[in-house]
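Visitor: So you can see what is in the structure, the chains are spelled out below.
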Amino acid sequence: MVRALCKEMKMNKLVMFYARECPHCNNMLPLVDKLEKEEGIKFERLEVWHDEKNADLMRSYRPVIAPKCGGQLKTPTFFNTETNDVLCGEVEYKKLKKWAMKK
Amino acid sequence: MKKYWRCFVCNDLHYGLKPPEICPTCKAKNAFVEISSDESQKIASATRIEFNKEKFLEAIEKLSEKNEFQVNPDKEKVKMLLDGLFNNEKGHGLKYCPCRLITKDFKEDLLLVCPCNFLIHDTYKEKGECWCGLFVRR
Numbered sequence: 000m001v002r003a004l005c006k007e008m009k010m011n012k013l014v015m016f017y018a019r020e021c022p023h024c025n026n027m028l029p030l031v032d033k034l035e036k037e038e039g040i041k042f043e044r045l046e047v048w049h050d051e052k053n054a055d056l057m058r059s060y061r062p063v064i065a066p067k068c069g070g071q072l073k074t075p076t077f078f079n080t081e082t083n084d085v086l087c088g089e090v091e092y093k094k095l096k097k098w099a100m101k102k
Numbered sequence: 000m001k002k003y004w005r006c007f008v009c010n011d012l013h014y015g016l017k018p019p020e021i022c023p024t025c026k027a028k029n030a031f032v033e034i035s036s037d038e039s040q041k042i043a044s045a046t047r048i049e050f051n052k053e054k055f056l057e058a059i060e061k062l063s064e065k066n067e068f069q070v071n072p073d074k075e076k077v078k079m080l081l082d083g084l085f086n087n088e089k090g091h092g093l094k095y096c097p098c099r100l101i102t103k104d105f106k107e108d109l110l111l112v113c114p115c116n117f118l119i120h121d122t123y124k125e126k127g128e129c130w131c132g133l134f135v136r137r
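Those protein sequence lines, which keep their order, are chains G and R.
0 is the number of the first residue of the first sequence in numbering that gives the first Met the number 0; add one for each residue after it.
0 is the number of the first residue of the second sequence in numbering that gives the first Met the number 0; add one for each residue after it.
There could be a bad hint or two in this list.
As the list claims (entries may be wrong) - Cut-off 30 Å, straight-line C-alpha distance, at most; resulting in silico cross-link-like pairs (DSSO-like, lysine-lysine): (1) G:Lys-67 / R:Lys-103; (2) G:Lys-52 / R:Lys-61; (3) R:Lys-103 / R:Lys-1; (4) G:Lys-94 / R:Lys-74; (5) G:Lys-93 / R:Lys-26; (6) R:Lys-76 / G:Lys-41; (7) R:Lys-76 / R:Lys-2; (8) R:Lys-54 / R:Lys-2; (9) R:Lys-74 / G:Lys-93; (10) G:Lys-97 / R:Lys-76; (11) G:Lys-33 / G:Lys-93; (12) R:Lys-28 / R:Lys-41; (13) R:Lys-78 / G:Lys-94; (14) G:Lys-67 / R:Lys-126; (15) G:Lys-67 / G:Lys-101; (16) R:Lys-103 / R:Lys-28; (17) R:Lys-126 / R:Lys-76; (18) G:Lys-52 / R:Lys-89; (19) R:Lys-124 / G:Lys-96; (20) G:Lys-33 / R:Lys-76; (21) G:Lys-93 / R:Lys-126; (22) G:Lys-67 / G:Lys-52; (23) R:Lys-76 / G:Lys-67; (24) R:Lys-103 / G:Lys-52; (25) R:Lys-76 / G:Lys-36; (26) G:Lys-97 / R:Lys-126; (27) R:Lys-103 / G:Lys-12; (28) R:Lys-124 / G:Lys-93.
Worth flagging that the hints you see were computed from the coordinates, not collected in a lab.
Please read these numbers as outputs of a predicted model, since none were measured by experiment.
Work out the full structure, taking the sequences as your base and the hints as a guide.
Guide: The following block contains the structure:
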């Protein structure tokens with residue numbers, strides 16, 4: 000169902016749910032930019048506190064995301080719509096890269 | 000279930016399982032009577048208190064004074080978080096954590112109102128800070 004929704008929205012398979020006033024997200028955004036440039040991959044950046052559509056989308060993934068993020072919907076959350084793989088919070092570049100490049 | 004209580008001497012309000020034995024405001028003993036939520040809201044609305052970012056910061060600094068945590072000394076980070084909290088209050092009704100998303104289940108979302116009970120969270124136990132980083136261990 001999640002995959003179908005993403006396909007319908009023509010979403011990239013790598014998603015970053017972030018919040019505009021979240022310091023961790025703001026620290027991660029330049030790392031995402033760097034990773035995109037270095038590896039030629041693309042993340043869909045979805046702001047969730049000022050865009051209700053994005054918030055609803057993140058909430059729709061709650062059964063997949065929350066168990067891997069301490070039971071809540073936290074930002075930043077990195078989500079692979081194809082594999083349902085989740086990475087939560089502010090992490091080092093190396094960890095983000097490893098997660099994003101995982102097949 | 001928590002209930003509303005009113006001091007019959009000074010109209011102090013209390014929300015909890017049991018009323019205080021001594022009114023913290025007028026010191027009257029055994030003065031609290033149970034009231035309805037409507038009545039408590041009417042009494043509370045008679046005193047209008049504006050709360051801006053500076054006042055909120057003062058309040059959380061005061062809260063931190065006698066605790067093992069403090070407001071993050073990183074002023075830029077605190078400014079960003081306060082902007083988020085007040086934007087969330089304006090747009091979503093309460094000062095929800097800017098680094099977590101509400102579920103739209105009001106009772107569940109009360110857990111995300113800042114300051115939340117971060118002392119029990121893994122991030123505080125492991126890293127010494129709440130999820131958003133507004134509070135850090137001294």
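Visitor: Starting from the hint list further up, note which numbers the structure goes against and sort them upward.
Guide: Numbers 2, 5, 7, 16, in rising order.
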